[in-house]
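Residue numbers (our numbering), protein chains in the order written: chain A, 47 to 407; chain B, 47 to 407.
Heads up, some of the hints might be wrong.
Which copy is meant is left open, so a pair is good if it fits within one copy or across any two.
[To be verified] Each computed DSS-like pair below joins lysine-lysine, with the alpha-carbon atoms no more than 27 Å apart:
1. 146 to 246
2. 336 to 348
3. 303 to 86
4. 387 to 216
5. 244 to 216
6. 360 to 317
7. 174 to 397
8. 362 to 104
9. 303 to 346
10. 402 to 146
11. 111 to 185
12. 317 to 306
Read the hints as simulated data drawn from the structure, not as lab findings.
2 protein chains.
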Amino acid sequence: MGIKETRITSPAYFVGVDGDNIISFGSGQPDLPPPKDIFKDIATPRLFKYGLIKGEIKLREALSKQYPGANAEDFVITNGASEAIDLVFRSIHEMHGRVKVLLCRPYYYSYPPIVEFAGLEPVYTDLKDGRIDIADFEKKIKHVKAVLINSPSNPTGRVEDTGTLRAIEKITSKLGVYVISDEVYKDLIYERENYLIKGKRVITINSFSKTYSLCGLRVGYIYARDPEIIEGAVNLKVHTSMNTNILGQEMALRAMKVPKSFVTGQTAIWKERRDYIYGGLSAMGFNLWKPEGAFYVLPKIKNSGRVVNDLYYKHKVIVYDGAWFDAPGRIRLSYALELPKIKEGLSRISKYLNGKGSWLR
Amino acid sequence: MGIKETRITSPAYFVGVDGDNIISFGSGQPDLPPPKDIFKDIATPRLFKYGLIKGEIKLREALSKQYPGANAEDFVITNGASEAIDLVFRSIHEMHGRVKVLLCRPYYYSYPPIVEFAGLEPVYTDLKDGRIDIADFEKKIKHVKAVLINSPSNPTGRVEDTGTLRAIEKITSKLGVYVISDEVYKDLIYERENYLIKGKRVITINSFSKTYSLCGLRVGYIYARDPEIIEGAVNLKVHTSMNTNILGQEMALRAMKVPKSFVTGQTAIWKERRDYIYGGLSAMGFNLWKPEGAFYVLPKIKNSGRVVNDLYYKHKVIVYDGAWFDAPGRIRLSYALELPKIKEGLSRISKYLNGKGSWLR
């Protein structure tokens, strides 16, 4: 096949791998195009000058209208959700020193390093059937200064019950624990509306990447009612990266102005794909949760490391090892690709699994 | 004047302050427009997808041709020079823990916080007449793991002698000390060519902001021959911000392709402004260095804090307090604005100083 075989040990291996009849269930990136209306008349010098560290006022005003009771001053526009999370944890470190942060396991693979790079200590609560185990959560939360919630979740595709989120609101508020709520998939929920976690110590993280297919522009934001967190993030960002790229902010603002049907139309497409891949994998005998949000499935499989290597080298199919998300014995498939490709990918997986039925049990 | 008077204590006060007949010698941002050729045909989905964490290969290849012996793999494209410096110091912290970093004083005001946020400890060598005092440097360098050099310098406008830079190369190489060389003004030297500091432990920082008037896009880079530094920066960036905005990278690449005359034409404009402001301030009786690079002057003045406040509130002229750069008893003026505005600004300053001649001595 011309591809040199090296043992694949992290998602980094697949970055930039493309073309040549490869079907990728790897990266969590929408294949859909961004709204057309965002491209007009960008050749104005205004879009190439330094801007406010917090972000463009018009964009923050538009965002504030999406959150009940919010003010433009409660937002910081960042280089994607990644920088938003990084700034929040670094701010917490500046204020409180080396404190503990509760993470749910399995997790998005950037969470533990981002917490550690900020000088904080990650501790874990194991998800039960892909959702927060509130009994374990209530035990662990007493010993931490902050908790990171990600619903809809990457990699599980699960959405937390509103009851669970309300219970988390209550106990964290009582204990004065920061809740960092990474809601980058909030517009990709198939089952119900997103429940926005609220509170004095709640820090909402979001981005324009998934909703508007603007991943490469890197525009995200922090929303917090606690001025200390906003100020802490700005105090860092003024030195560590300055304003978020102005052109990206302008395009994000324009994207927010396109009709709602852009987003709802996309959700319909995601749902169709969700149904297809869930049905296909179930029919093959996989044991998996039906995704309620985001665009990931996390089916069980034995020898997941070998599966990732075999599928890539022998069948040109990219899937991620669950172990990279601390979900051993599973693989993660992103279904952010068009139906015919999903179909072809599943057919190759089916071919590969022929005679390996015991791996799915 | 309608402006509410608050004591001005940092450059943050002036961010976004504009218009209304204000003359700003504040922010270090070119007023010149970016090259026209960078705006064509950007409405392609490719420019909105995730990219390599290191940066687009074509941009890194183009950069590698500017540095003798360099390879595309020696570069990481970042959210401006700020993120480049942040990633380098955080990498050094990951590798070596809480080590010391030597900074030259006066300094660009982000340097001390960026070093401290990364968990490192800044120590200082005082510039002598705006340039590195090699005797003091050689004493201090023995006790640090890294040193940050900025030539041409913000805020002094000085360019270090080639002899000094060669001596720094030699001693740091002998001691195994990292040299972080922030060369964002390297294309804005009026007196001679830039001397590129070289070596195994040298880390060059640069950006497209000043040369191509692309400040708001936030595209900069790290260039290092030490693969540990490159790998360290990428290992952080994959989690803390992911790829630098792709559209900005594409525009930076296009900017690099415009004829050399774009840059040389700009330098001629900067030089004309430099001569004008240097002449004007000298004629008023100010004691200042003639800028050799960048676009700043740092004249002496007593009561610099009061001067900053008075000039803004009474004369609508923005200048920065030297104290913000640890250059007490001076003010910093950026001359990144057109000649008629410089002229008007100087005339207002002259009016303000009437009867205050003793402040300049």
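Check each numbered hint from earlier against the structure, then list the numbers of those it violates in ascending order.
4, 6, 7, 9, 10, 11
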